Amino acid sequence: MMVSALRFLVVLAAVMPPFTAVANDTSAQMAAGGLVFGKQLGISMQSEDLYISPDIVRVRYVFHNKTDKDLETIVAFPLPEAAPSSDTGGGHNFYDGVSANFLNFKTRVDGQPVVTQVEQKALALGLDRTEILKKYHVPIESYIPPTDQRSAYHGLSRLTEAQWDELAALGLLKIDSQGHPSPGWTVATVFYWNQVFPAGKDTVIEHEYQPLTGSSFDAPISRKPEDEYAARAMVRYCISGEDTKAIYELHEGKVDGKAYTAFSEELGYILKTAANWSGPINNFHLVIEAREPVDFAFACLPGLERKSQSRLEMSQDHFWAFSDLDVLFVISKPLDN
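According to the working numbering, the stretch in the sequence shown is residues 1 to 337, in order.
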C-alpha cells in the first residue's frame, strides 16, 4: 500500500534511501511508491497509469529512449523501512511471512517478469550495522514476530550479556522490564536489476505491490468543529463538509435503511519527482478506489475529480509531481440489526 511513485532518483544498489512511516492511532502505514532508477536524460516518460486501492497498487509506465544508442541503468524498488515487530501478530500482515518481499511486489518489462536481486541493511542510529549482526548470526529481519524461531528475537536471546551490552551501545538492542532483548534496528530493503532501454524504442514497465496501510477503529470524521483530529484530516485529505454529511447520512441509515460503523485506512504514496528523465510525464492517469461502493476515498491533488464516493480519478498531460500523496479510505461496515 502505499506506495510504491518515487521517481527516478539517482540510486546505487548499495544505497538505501530512508522512508518515513507516518503514525496512526492504531497502526502505522508505510509509505512506498514506484520505481527508482539512475538519471537518464535521454529517456522520456510517455505515460504513467497509476491505480491505488487499500489492497493493491498498480503502475504502468511507458518510457521512450530518444537517443540512437541503447541506455542502461539500475532500476530499483526500495521497500519502506520495517521497524521491529513487538507482538505475536507482527504488527502488520507481512504478506510473504519471513520473506524480504513483504509487500509482494512484482515487476514486468515488456510483459516479461523481471528477476531481481535483493539487498538488506540493518540500520541503527542512522548507521549501517548489518555486518555485526551477521557476525553474531542474528537475523536482520527485525519485523518477523517474536514467536517465529527464525526471528531476530531468538537470535538475540542466544547471545551473552557482554554481547548484549555491545549491541545496546550501538543502538541495536533494547532490554525490556523483564530482561528480555529485542531488536533496536530497522530494516531497509531494496530490490534492483539492470535495465536496458533500446535506442529509439518504447519500454513498458509494469509494477504492482500490496500496500501496508495504517488502520483505525474510528474514522477522522466529526460534526464537532472543536475536534482537532477531524479538522486536521479535513485539510490533509480534502474532506468537505458535504463529504462529512454524506458519511453520517449513510452510517445513520438515511441512505439505504442500513446502519454502518466507520473504520479507516490510510495509505502514503511517494509521488514526488526528481526529474531524472527528460521532461514531464507526457500523460498521467490516476485512479484511487476504495474497496466497496459504500466506502469513501479521499485525497488532495490538483486536478483530482470525484467520480463517486468510492472513486477518485484524474488525467493530466505534461504532469509534474511536486508533493507526495496521502490517501484516506473510510470503510463502511454494516451493523447487525
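Worth flagging that the hints you see were computed from the coordinates, not collected in a lab. A hint or two may mislead.
Unchecked claim - Distance condition first, Cα-Cα at most 27 angstroms in a straight line; then the derived DSS-like pairs of lysine-lysine: (1) LYS121 x LYS134; (2) LYS224 x LYS201; (3) LYS254 x LYS174; (4) LYS106 x LYS135; (5) LYS245 x LYS224; (6) LYS69 x LYS245; (7) LYS174 x LYS134; (8) LYS106 x LYS254; (9) LYS245 x LYS258; (10) LYS174 x LYS201; (11) LYS39 x LYS201; (12) LYS201 x LYS66; (13) LYS39 x LYS69; (14) LYS258 x LYS201; (15) LYS258 x LYS224.
Since the structure is predicted, the reported quantities are computational estimates derived from the model, not experimental observations.
So, going through the hints one by one against the coordinates:
1. LYS121 x LYS134: 11 angstroms, holds
2. LYS224 x LYS201: Roughly 56 angstroms separates the two Cα atoms, so the pair is violated.
3. LYS254 x LYS174: 52 angstroms, violated
4. LYS106 x LYS135: 32 angstroms, violated
5. LYS245 x LYS224: Holds, at about 12 angstroms.
6. LYS69 x LYS245: Roughly 57 angstroms separates the two Cα atoms, so the pair is violated.
7. LYS174 x LYS134: 18 angstroms, holds
8. LYS106 x LYS254: 42 angstroms, violated
9. LYS245 x LYS258: Within the cut-off at roughly 16 angstroms; holds.
10. LYS174 x LYS201: 53 angstroms, violated
11. LYS39 x LYS201: Holds. LYS39 to LYS201 sits at ~18 angstroms (cutoff 27 angstroms).
12. LYS201 x LYS66: 8 angstroms, holds
13. LYS39 x LYS69: 16 angstroms, holds
14. LYS258 x LYS201: Cα-Cα ~54 angstroms, so violated.
15. LYS258 x LYS224: 24 angstroms, holds
Comparing the model with each numbered hint stated earlier shows that hints 2, 3, 4, 6, 8, 10, 14 do not hold.
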